[in-house]
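Colleague: Work out the full structure, taking the sequences as your base and the hints as a guide.
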Amino acid sequence: MTKPIVEIQGLRVSFGGTPAVKDVSFAIQPGETVCVVGESGSGKSVTSLSLMRLVEFGGGDILDGRLLLERADGPLDLATAGAATMQDIRGNEIGMIFQEPMTSLNPVFTIERQLTDGLRMHEPLSAAQARTRALDLLREVRIPEPERRLRQYPHELSGGMRQRVVIAIAMACRPRLLIADEPTTALDVTIQAEILALINRLKRETGMAVMFITHDMAVVAQIADRVVVMYQGDVVETGTAAEIFATPKAEYTRALLAAVPRLGEMRGKPAPEPLRLVGDTHDPVPLTPRDTPEPLLEVRNLTTRFPVKGGILRRTVAQVHAVEDVSFTVNKGETLSLVGESGCGKSSCGRSILRLVEPVSGSVYLGGENVLAQTKRDMRAMRRHMQMIFQDPFASLNPYMRLQAQLTEPMQNYGLDNRADRAAALFDRVGLPRSFMRRFPHELSGGQRQRIAIARALAVSPGLIVADEAVSALDVSVQAQVLNLMMELQADLGLSYLFISHDMAVVERVSHHVAVMYLGRIVEIGPRAAVFENPHHPYTQALLQAVPIADPARRKLDTDVSFKPIPSPIHPLDHRPAPSVYDTVGPGHRVIQNSDYA
Amino acid sequence: MHYIANRLLSVAFTLLLISLITFLVTNILPGDVAMVIMGTQSNPEALAGLRESLGLNDPLIAQYGRWITGILTGDWGRSLVFKEAIGPLIADKVVASALIVVMSMCIALAAAIPLGIWAAVHRDKWQDNAASTTALFGVSLPDFFWGIMLILLFARYLGWLPSSGFVHPADDFVAAVRHAFLPSLALGLGLMAHLTRMTRSTMSSILSQEFIRVARAKGLTERTVIWRYALANAIGPVMTVAGLQVGYLFGSIIVIESLFNFTGMGWLTYQALLNRDIPLIQSTVFVIAAVVMLTNLVVDLLYAAVDPRIKLP
Amino acid sequence: MRGFLTAKGIIGGGIVVIVLLTALFAPLLIPDTWATQMDMRARLSGPTLAHPLGTDQLGRDLMYRMLLGAQTSIMIAGTAVLMSLVIGLPLGVISGYFGGWIDNVLMRLVDTLLAFPALLLALTISAVLGPNLTNTIIAIGIAFTPYLARIIRGEALRVAQMPYVEAARAVGTPDTLMIIRHVLPNIMPPVIVQVTISLAFAILAEAGLSFLGLGTQPPDASWGLMIQASRDFLDVAPLTALVPGAAVAITVLGLNMFGDVLRDVLDPRTQ
Amino acid sequence: MKRRDFLKTTTALMGGLAITGTGIGVAHADGHATPVSGGTLIWGHSETTQNLDMHQTGTASTGRLLQNVHESIVTTDKDLNVVPNLASSFEVSQDGLTYTFNLRDDVMFHTGAKMTSADVKYSFERCADPATGATNFEVFNAVESIDTPDDLTVIVNLSTVNAPFLSRLAENGAGVVMPMGSGDTQGDMPVGAGPFKFVRREFGNEVELERFDDYFDGPAYLDKIISREITEPTVRLTGLRTGELHMINDIPLDRMAEFEGNDDFQTVSWFPLNFDFVNFNHDFEPFKDARVRQAFDLMLDKETLMLGALWGQGTTSASPSFPTSASYNGDISQRGQDFERARALLAEAGYAPGELKVVFKVTTNYPYHVDSAQIMLEWFRQGGVDMTIEQLTWSDWLSQVWVDKDFQVTMMNFFTLWEPDFLYYSLYHSTGGFNYRKISEPALDEMLEKARITTDSAARMDIYKDVQTYINENTLDVILWFRNGTIGAQPNVMGLDTVVQPNGSEMNFHKVWLKDA
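Chains as they are written, first to last, in numbering that gives the first Met the number 0: chain Z, 0 to 597; chain L, 0 to 312; chain F, 0 to 270; chain X, 0 to 516.
There could be a bad hint or two in this list.
[Unchecked claim] Derived DMTMM-like pairs (lysine to aspartate or glutamate); straight-line CA-CA distance at most 20 Å: (1) L:124 / F:263; (2) L:124 / Z:60; (3) L:124 / Z:55; (4) Z:248 / Z:236; (5) L:82 / X:207; (6) L:82 / X:377; (7) X:449 / X:216; (8) L:82 / X:201; (9) L:82 / X:183; (10) X:301 / F:219; (11) F:7 / L:170; (12) X:77 / X:496; (13) Z:375 / F:165; (14) Z:202 / Z:155; (15) X:356 / F:174; (16) L:82 / X:187; (17) X:356 / X:282; (18) Z:268 / Z:55; (19) X:120 / X:149; (20) Z:248 / Z:224; (21) X:223 / L:170; (22) X:437 / X:455; (23) Z:375 / F:174; (24) F:7 / L:123; (25) Z:2 / Z:76; (26) Z:308 / F:31; (27) X:301 / X:377; (28) X:514 / X:209; (29) Z:555 / Z:224; (30) Z:331 / Z:279; (31) X:356 / F:219; (32) Z:2 / Z:224; (33) Z:248 / Z:233; (34) X:120 / X:78.
Just so you know, the hints here were simulated from the structure itself, not pulled from any lab data.
The model shown is predicted, which means the values in this text are computed figures rather than measured ones.
Modeller: This is the structure in structure tokens:
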């Protein structure tokens with residue numbers, strides 16, 4: 000066995016007295032990818048920041064332990080290294096990339112400056128030499144038109160491009176170790192696939208080691224050589240990727256793996272099925288669709304556009320074509336998922352149906368009544384029958400209202416009686432103790448808040464719930480619980496869901512029907528099995544190809560992948576898009592003829 | 000250019016509103032210009048003659064029309080009490096006020112930015128508290144209090160700087176700066192406090208951003224990280240706040256200029272108000288409001304110039 | 000509430016409480032003639048047994064004037080800020096929450112008023128109305144209104160775009176209830192902080208107006224008036240300015256610290 | 000107070016050197032050195048000059064400066080006798096209706112033109128024209144015509160006798176002679192025949208005057224005078240202390256004691272600069288009753304008030320007449336403080352303690368008035384009157400008190416109007432131009448009208464003495480004191496004893512010089 004490039008021994012870190020990392024030890028060998036995986040609060044990021052000694056800038060203190068970096072003159076303990084030494088090591092021997100590509104680059108400096116200043120810090124280069132190196136780096140991370148990029152500012156680049164620049168910065172001095180802290184979490188799935196492939200390739204080509212921090216077991220399965228599982232500041236398990244996925248030893252690892260929906264595991268199943276979580280005693284009951292589907296929500300030719308204002312008189316100069324000629328039906332007791340990448344119009348579509356934004360044209364029938372034809376007053380009455388769950392459980396609850404009041408408010412709005420009793424019943428229904436009723440939102444965890452959001456939506460007994468990325472912000476184990484709750488409610492109450500999500504694996508798990516959106520249009524719609532098992536539209540196929548699968552045996556990223564960038568949905572005022580025309584390729588399975596995806 | 004044209008149009012509209020407000024307010028001011036001109040020696044006949052010759056008997060609309068036309072054509076009329084032509088008079092006084100406003104801004108920024116950065120870098124430590132308390136002390140005392148103290152210290156006991164008066168920078172630049180220094184300092188102390196707080200909060204939010212960590216991860220020195228990476232981002236917001244404070248400064252100069260006998264716009268406005276010199280009040284108030292507005296316009300444009308994210312289409 | 004137990008919280012809160020108690024009870028405990036009692040043999044005197052903080056140009060006791068002046072200063076500042084809040088809150092909330100042309104019209108007006116420096120506005124209003132206590136309050140109150148309205152509007156706009164407001168709309172909450180239940184409570188923390196800072200500014204503004212002779216009328220004591228009266232005697236009797244100056248400074252300092260601490264305490268994220 | 004005591008006080012006030020007559024005291028002046036020409040005097044002037052037109056300007060501060068630019072047709076000597084100035088001599092006809100002025104032939108204007116009778120006629124007519132807005136236009140009310148038989152003779156014909164005409168011409172700019180046709184530019188660029196030429200004014204900041212070499216009374220010593228307008232007393236004082244200024248006028252009252260004891264500076268103090276009085280609105284119901292006015296008078300301890308408000312820099316007086324003038328009535332005296340009698344008088348008039356509520360309007364233009372009001376307020380409250388103070392800016396005071404006569408009690412000062420007609424007729428006649436108190440006393444009106452047409456000087460003065468007695472007995476106003484004027488200067492400023500003009504309010508730099516210029 001070769002000498003490890005980095006060895007962490009008994010690391011302890013605390014923030015203002017609160018322990019964040021309790022006792023962490025593991026090593027990274029040259030040229031291997033070690034994934035540190037865990038949910039929020041596990042201490043995985045703190046560990047990586049400690050290694051760079053950046054944790055101090057966030058108010059953390061390394062209390063104990065050694066961070067040995069192997070160098071030509073023997074191992075150096077980074078935990079006690081001086082500031083000058085650390086500056087020399089950072090960016091030179093260890094490179095690091097971070098989660099948020101949108102904020103990782105300094106908005107007021109050019110790409111060139113940000114690429115070269117680290118280089119020139121560590122190596123004696125002239126400006127021209129540094130520029131040449133920067134160009135090479137941009138080519139290496141496969142950025143098109145590198146000369147032009149050098150002169151550009153970060154806001155002129157797309158998110159994926161920015162993350163490539165950040166990687167180029169980290170790679171600038173050929174580090175022996177690259178630390179990647181959740182580098183793909185904020186990215187769309189196709190871009191995530193590109194970035195993962197890029198990191199993989201760079202590792203292969205340069206022989207550097209990679210320490211990859213993530214919460215996503217699917218990503219781990221795709222890239223890890225070895226895995227370190229962390230939970231609440233401790234390492235619970237280490238092993239090779241194959242070992243961890245095949246024979247997890249720690250109970251936590253098993254629970255975590257159980258909570259991860261795996262793309263393709265629903266193959267052949269007739270209906271959505273709750274996840275089987277560790278500790279569940281009974282087998283999950285699938286949600287069988289009704290024999291005779293009964294339409295609840297019918298959306299026809301829905302179009303929503305947002306004005307872009309400009310000029311002296313703040314007139315509308317262009318339009319964002321957010322939703323363009325979209326039609327679909329949600330049956331009673333069933334779930335239709337709208338799936339797509341950011342900016343595809345799926346959220347606008349959901350909000351248009353509730354008229355939280357006003358559509359331009361089309362019709363929306365709920366139980367036979369046209370939602371779009373209602374007056375403002377009647378619309379309020381209408382909303383009783385359709386409710387919404389929002390993405391961010393932290394922002395969608397008024398921080399100054401007690402939970403009970405949050406639940407009774409909708410009842411009060413619609414003049415329902417016995418509000419306290421109903422609220423108590425709702426607490427039971429979503430699995431929260433009644434003692435929480437007097438609490439404020441900030442006293443709850445994210446999952447608990449999302450339960451409250453669901454309870455609030457249920458308060459007026461609606462038939463339809465629009466769930467807009469309702470589980471996206473949650474840790475995977477919590478996400479599984481909330482998904483199970485939603486499915487359970489559907490089974491018990493006969494609810495219909497319009498489930499809006501970017502996560503193909505989750506969608507596969509919960510949907511009866513799936514609609515794939517791209518640039519405001521539905522490009523493919525049909526029964527879940529048809530869309531997932533027999534995708535017709537090239538975009539659907541690309542999406543499915545990009546989704547990482549939580550199974551190290553099914554790796555997809557050995558070669559570079561590249562997906563088409565999404566064009567702008569902004570068009571001049573006189574733009575008249577053609578109506579959507581569909582081919583029927585199977586029972587209820589339709590594919591658009593004329594999408595912009597070529 | 001659309002952005003600038005758009006802003007200019009709205010500025011023109013606001014200026015019109017300002018002129019209307021100014022005119023209406025000054026016309027409900029009690030007191031009589033003719034009276035003030037004549038002082039204790041006046042008598043009814045002389046007053047009536049004077050009123051007529053000053054045009055004070057015309058209807059309000061006519062007086063506003065005359066005034067606004069004058070403003071637009073460059074004929075700002077004459078001060079009733081001081082007999083001077085208002086246009087050149089104000090042009091002169093604006094230079095004086097601009098001198099202390101700019102100097103106090105420089106003094107305040109020169110102190111506030113390092114202090115604010117220092118506090119932000121050592122957030123919640125004793126340095127932060129020390130900086131905040133120092134800054135608070137500046138804002139806790141009225142600026143005229145500082146003014147009097149500065150006169151006593153620097154002019155009376157140390158004899159380093161002149162205690163009062165204004166020298167036109169075109170006549171003698173060094174003397175101009177020396178005369179403007181104490182009033183600027185008195186103004187700057189209060190201003191410094193706001194700007195320190197602003198710099199601190201802007202810098203601490205910038206320092207917690209990801210690109211700062213990226214910069215550190217590149218191995219850049221702390222000095223580069225803070226004074227280049229962070230400050231380049233803070234300068235825009237700090238500038239905007241500083242621009243907004245110009246309004247505050249133009250309020251404070253009324254007191255400070257009177258105290259230092261520094262004959263700028265503040266002094267002139269106060270004299271005009273005291274003497275009910277309506278044409279002069281109208282013009283000074285109008286000019287101050289216009290200068291404040293235009294400063295903010297310039298600051299916005301500058302912000303757009305330093306921040307590549309804001310494009311001027 | 001833990002936030003109040005920091006050094007800053009204790010000092011800031013302590014000062015605010017002491018000043019408020021002084022303003023409330025000093026006039027009840029100290030006969031007001033003590034502040035107007037003149038002693039021509041002890042004019043501009045330094046600290047003595049009879050006058051622990053010295054006397055002013057008419058031989059009046061500075062300590063009593065400072066203590067009794069607290070009420071005037073606090074009352075003017077408090078009422079003026081309350082007035083600007085009463086006007087500015089509805090303006091700002093309506094403007095920020097409803098947006099559209101109402102917002103355009105109101106904010107155009109507010110922006111125009113903002114171009115007039117507050118002290119200039121107060122000075123002009125004071126000159127129009129004539130100098131007395133009520134008019135001083137009105138002048139400061141009006142001058143401060145556009146600032147508060149602007150800040151409140153910004154906060155209301157921010158809150159109106161929060162998901163919980165959209166969520167409340169989705170559950171059918173009408174506009175009036177929306178403002179009362181969701182907008183007002185959520186804009187309150189920054190507004191309260193702004194109010195404490197405005198109070199500090201109002202105390203200084205009153206001092207500024209008094210300095211120019213348009214504030215409190217003698218022989219009533221206010222801190223501003225005391226500083227104003229001291230301007231000619233500063234070099235021979237610095238206490239005449241230092242005593243009221245220190246009172247203003249400590250109060251403003253306390254209010255600012257209190258505001259900072261309030262900001263932390265009211266921020267749900269720090270709880 | 001008797002006139003003799005008065006003079007004694009004056010001498011005491013003056014400290015070292017005393018110059019009899021107007022009571023100017025100069026400390027540390029070296030009166031024996033030989034004057035030299037040259038140098039620029041920097042004067043810290045206490046007020047901002049306004050309209051520079053000598054006819055129009057109403058403020059003493061501006062007149063104080065213009066005094067050096069203009070010359071009057073007649074002037075006064077130290078004893079306040081009217082003496083020739085631009086006129087080499089004058090004659091008054093027996094009937095008192097015709098005034099003949101023989102002009103000097105060596106008077107040059109700053110324009111380079113020689114003064115002729117046409118200029119005099121132009122100046123008088125300009126002043127008399129109501130459209131000019133001249134503050135002294137009523138001096139010429141009785142003028143019927145002005146004849147100029149030749150270049151050096153001016154004959155003024157009156158329609159009715161106006162005994163004070165000549166002395167009014169000597170005072171306050173009424174008699175200044177401006178070059179013909181210069182009226183329109185006087186406001187910006189005053190030109191006259193005085194010892195100094197007006198060069199420029201940086202408005203609110205400084206005024207520059209330059210020696211006029213062709214001055215008829217011989218050129219002045221100083222090359223230039225820079226008058227820096229510094230209204231803030233502390234700042235003015237600091238300027239003198241740091242040497243930025245050669246001299247300042249109006250040393251803050253509380254500093255006089257300190258300055259007089261300081262060998263580094265010269266101080267000049269003189270009296271009277273002005274007199275102060277407390278005014279009642281005679282139209283306000285309670286003050287229609289002389290007993291109420293007297294009660295108020297009885298509540299005031301004038302000596303203490305003077306010490307309190309003026310820091311002793313003044314002299315109490317029961318009469319507003321110029322103290323050294325012939326009309327001064329030294330036989331009347333101020334009432335002493337007597338609360339018992341005051342309360343009794345109020346009760347007699349029907350006012351129980353606390354029943355009378357009065358507002359005291361006072362202008363911030365005179366900080367010592369604000370102090371006085373605060374001191375008086377304590378006494379009035381002690382006397383059972385509920386009084387509040389309202390501070391007014393100068394323009395508010397003028398418009399509310401002076402024009403609208405909307406007040407109950409106020410306080411004012413007047414520069415020493417030594418011409419008794421000017422003083423008493425305008426202040427106390429029911430139609431007087433300065434009668435803002437709405438005083439209407441038929442007996443007094445009769446005396447004042449009679450004095451106007453009494454050409455015998457001694458008889459005229461006796462009438463004015465009776466007038467003073469009447470005012471005092473009926474407490475029409477409460478006359479408080481004469482206030483001292485003060486100048487502080489560096490030791491090298493010479494000839495300070497000549498600066499203050501006999502009337503006590505104007506300043507002339509003709510004979511001032513700098514020792515090491």
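Colleague: It remains to establish, for every hint, whether it holds in the given structure.
Modeller: Cross-check of the supplied hints:
no. : hint          : result
1   : L:124 / F:263 : 16 Å, holds
2   : L:124 / Z:60  : 15 Å, holds
3   : L:124 / Z:55  : 14 Å, holds
4   : Z:248 / Z:236 : 7 Å, holds
5   : L:82 / X:207  : 17 Å, holds
6   : L:82 / X:377  : 43 Å, violated
7   : X:449 / X:216 : 39 Å, violated
8   : L:82 / X:201  : 13 Å, holds
9   : L:82 / X:183  : 11 Å, holds
10  : X:301 / F:219 : 23 Å, violated
11  : F:7 / L:170   : 50 Å, violated
12  : X:77 / X:496  : 12 Å, holds
13  : Z:375 / F:165 : 15 Å, holds
14  : Z:202 / Z:155 : 28 Å, violated
15  : X:356 / F:174 : 53 Å, violated
16  : L:82 / X:187  : 7 Å, holds
17  : X:356 / X:282 : 15 Å, holds
18  : Z:268 / Z:55  : 51 Å, violated
19  : X:120 / X:149 : 12 Å, holds
20  : Z:248 / Z:224 : 17 Å, holds
21  : X:223 / L:170 : 18 Å, holds
22  : X:437 / X:455 : 30 Å, violated
23  : Z:375 / F:174 : 12 Å, holds
24  : F:7 / L:123   : 11 Å, holds
25  : Z:2 / Z:76    : 15 Å, holds
26  : Z:308 / F:31  : 63 Å, violated
27  : X:301 / X:377 : 14 Å, holds
28  : X:514 / X:209 : 18 Å, holds
29  : Z:555 / Z:224 : 15 Å, holds
30  : Z:331 / Z:279 : 28 Å, violated
31  : X:356 / F:219 : 17 Å, holds
32  : Z:2 / Z:224   : 17 Å, holds
33  : Z:248 / Z:233 : 15 Å, holds
34  : X:120 / X:78  : 28 Å, violated
When each numbered hint is compared with the structure, violations occur for hints 6, 7, 10, 11, 14, 15, 18, 22, 26, 30 and 34.
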